[in-house]
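Starting from the known structure of chain A, fit chain B onto it as the hints suggest.
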Amino acid sequence: MARKNKPEVKEISYAKWGYLFIAPFFIAFVVFQLVPLAQTVYYSFFEYYRSGLTVIGPTPVGLDNYKELFNSDFLKYFGNTVILWLAGFIPQIVVSLLLAAWFTDVRLKIKGKQFFKVVIYMPNLIMASAFAMLFFALFSNNGPVNATLVSLGILDHPFRFLSSVAGTRGLVALMNFLMWFGNTTILLMAAVMGISPSLFEAAELDGCSPRQTFFRVTLPMIRPILVYVLITSMIGGLQMFDVPQILTNGKGSPDRTVTTLIMYLNNHLFSKNYGMAGAVSVVLFVICAILCLLVYFNLNPTENDRKIKKRDRFKPRKEALNG
Amino acid sequence: MDKKPSHARTVIAYIVLIILTFLCLFFFYILLINCTRSHAQIQHGFSALPGSSFAKNFNNVIHDAKLPVLSGIKNSLIVSTFCAILATYFSALTAYGLYAYNFKLKKPAFIFIMLILVMPTQVSAMGFINVITKMGMLNTLYPLILPSIAAPAVFYFMYSYMQSSLPLELVEAARVDGSNEFMTFNRVVLPIMKPALAVQAIFAFVQNWNNYFLPALILQDNSKRTLPILIAMLRSADFLKFDMGKVYMLITLAIVPIIIVYIALSKYIVAGVALGGVKE
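Chains as they are written, first to last, in the working numbering: chain A, 1 to 323; chain B, 1001 to 1280.
In case anyone wonders, no lab produced these hints; they're calculated from the structure.
Treat each hint with caution, since some may be false.
Stated by the list, open to error - If you only want the chain A side, here are some residues facing chain B, beta carbon under 10 Å, derived:
1) Pro36
2) Phe135
3) Gly143
4) Val145
5) Gly182
6) Leu187
7) Met189
8) Leu230
9) Thr232
10) Gln245
11) Ala277
12) Leu291
To be verified - Counterexamples of contact, computed for chain A against chain B with all Cβ distances above 10 Å:
13) Pro60
14) Phe74
15) Thr257
Values in this document were obtained by computation on a predicted structure and should not be read as measured data.
Heads up, the beta-carbon is just placed ideally off N, CA and C, and yes, glycines get one too.
Isolated chain B (complex conformation):
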């Protein structure tokens, strides 16, 4: 084919890609610069080079009496880690139950999960608060963790993965060797599922790390709050009196850990996005 149009299109493609890359990175670049600068420097105007107040801003944020940042990080870590473990383990278990066994309610159960695949949890938030209040779990981290056991989107990913990578002959072989069904799942099936478990664990972790709506309704004690709630508290504080160095530092603390993990595992995460599809 003629080369000229392709050449022009390549140039246009690069220009668009560079603009988009700039848009994606620019805001985070300012964030990283500003979290190293003092309040006075930030008010003075924009700079392309970092300042020297990183440690000072960090200490100010960590020791702020009104913003329990350290316990916020701890709570966010607890919730996200347990959610990732529960969501992947129980989704794999459910998927295996529907994949490897035949029983009467197999098809209805599968159809049911498929129907609620993309149902948002917000629509039942009102009743959810009611139920967990009655169970005495208001203002605890449990109501943020336990519902992860039922994660339809993770289930669907696991089920599809089993269809393509888990031969039932393997399960039969384990049976012949006298393995109990539950042991077969833990010792034979889970190791095969490792790549899928890893990808979904990352997504579940990130999703819960970022979750704001439900935690804000459930956690009332300062010591129980997670990072997104602290950010919201910062937003509603009197902004003009606030130390901007601290504002940028708290945002940095909330998003940079995720970016570091993402960059380290980007290859697998991008592959996971392409395969998964199902995500809120």
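Extracted from the complex, chain A is given alone in its bound form:
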């Protein structure tokens, strides 16, 4: 994807400026991410924690932290994270695809598209911890939601959302859905609008129903962006923290069924068990690295993979930003 620059006559004398301009980025990256990452990996092979005021270690223990990790509830938390992610992501992608198809369908004359776009994107900008706190207040046992449901006669007595596994997971999924479906809709819409209109015209002439057009034309054409949305959402799901942490006050209650991987990492960091925190981080890093590679190949098709062309969407244009 490197751009072919026009041959520059005085190329050599300008090279140092290139290095100079990219230096701050790389220095900051090395200091604040690469060195910390190396230390994280390094200490994952050490027994290194704080017990009271005494620091134990660092003593090299080989793979003991990893053994302990997989004997702990790590896999349970991994499962929680996947469940919470899926419960939010499936409705998110379905609704987003539906909305993107509707908004871009010329046969449906939906008015106020801009208004709807503004409204559905709004939750994405909300502070997740404040949003979770709001849900905690609203869905508490004597909160407004329960009060309304009881007074409308839908429920006999308040439903204890935060004492039930399905209730708590459902709330986390609902929040994740609300926070991300607008973002996904806008991305998918941009992708659909990047498809040549002649394809849709041809489909219409051939007598395709809206359903057929959607499955036979739209979906295959936006596949690269669907893949992109899926993978970035997976990475976002692995990072899930603020919402379940605040909603359950860090406990993951009931019975740690909403404790996510990052909440587990956070517990180790707070109790200053650096060896175990390192081991959790390394496992997360390996998963994320694989996902990063997938994003990379999705954004940068190789020569023999021309089918997956880079979409126009990834090239911000001045006109579009000026409205």
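Chain B in isolation, oriented as in the chain A frame:
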């Protein structure tokens, strides 16, 4: 084509859209109503109309001895503003360095940034705390601000924007006029990049305003804490004894400024989302 199915589909589309709009707005509506009501009114039940305790709740939150709200707002503003400035300026500078110059490590540098494009920072949090402790920056705002210099996603947006809107001839022209390369970047390139800088500055600001994970691990002094940490403190306080008017008011203070800015600039932000794609 036949009009009837389209008509039915339009009706369904509107119904779904109205339900989703309701879901998106309803919770914030209750929030805004409840932040104007007193604790007793809130406990008494739900109301569709605002109360008259807005000023009282506001004063209670601002003057709470245990929750340093004013310094929380100040710290959040400092961190978010500097992050927005650093992330946009240095990402544009990096993008320009890779876009306008040819040098040996150009391609490896680009590939490297693309590879870490969506890498979460949480995976190195343990080492990060270690490093900044050694640098004496624990419990300060610097470790929340300085890493913004390396923001791969912002870089990618800037780079793509340059590809489509920054002709290198312009740079050549500035060179002929005797402009030094750094001056060319500041005086010629940055003004052209304004729309992209603005959009990314907003995103960087919001992202850091909302950030909770790292600040909670780094800031221990009450006076250094940012808003999301205060919300977490509120959550862990004994909830049943708490004045609910204050709870709703603090949530309002944390999210309403962002909503106001969003509504004012929504056109550009939505356009930016459609173009950017890359966001955590």
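The hints, checked one at a time:
no.	hint	verdict
1	Pro36	holds (3 Å)
2	Phe135	holds (7 Å)
3	Gly143	holds (9 Å)
4	Val145	holds (8 Å)
5	Gly182	holds (8 Å)
6	Leu187	holds (6 Å)
7	Met189	holds (7 Å)
8	Leu230	violated (12 Å)
9	Thr232	holds (6 Å)
10	Gln245	holds (7 Å)
11	Ala277	holds (4 Å)
12	Leu291	holds (7 Å)
13	Pro60	holds (17 Å)
14	Phe74	holds (15 Å)
15	Thr257	holds (19 Å)
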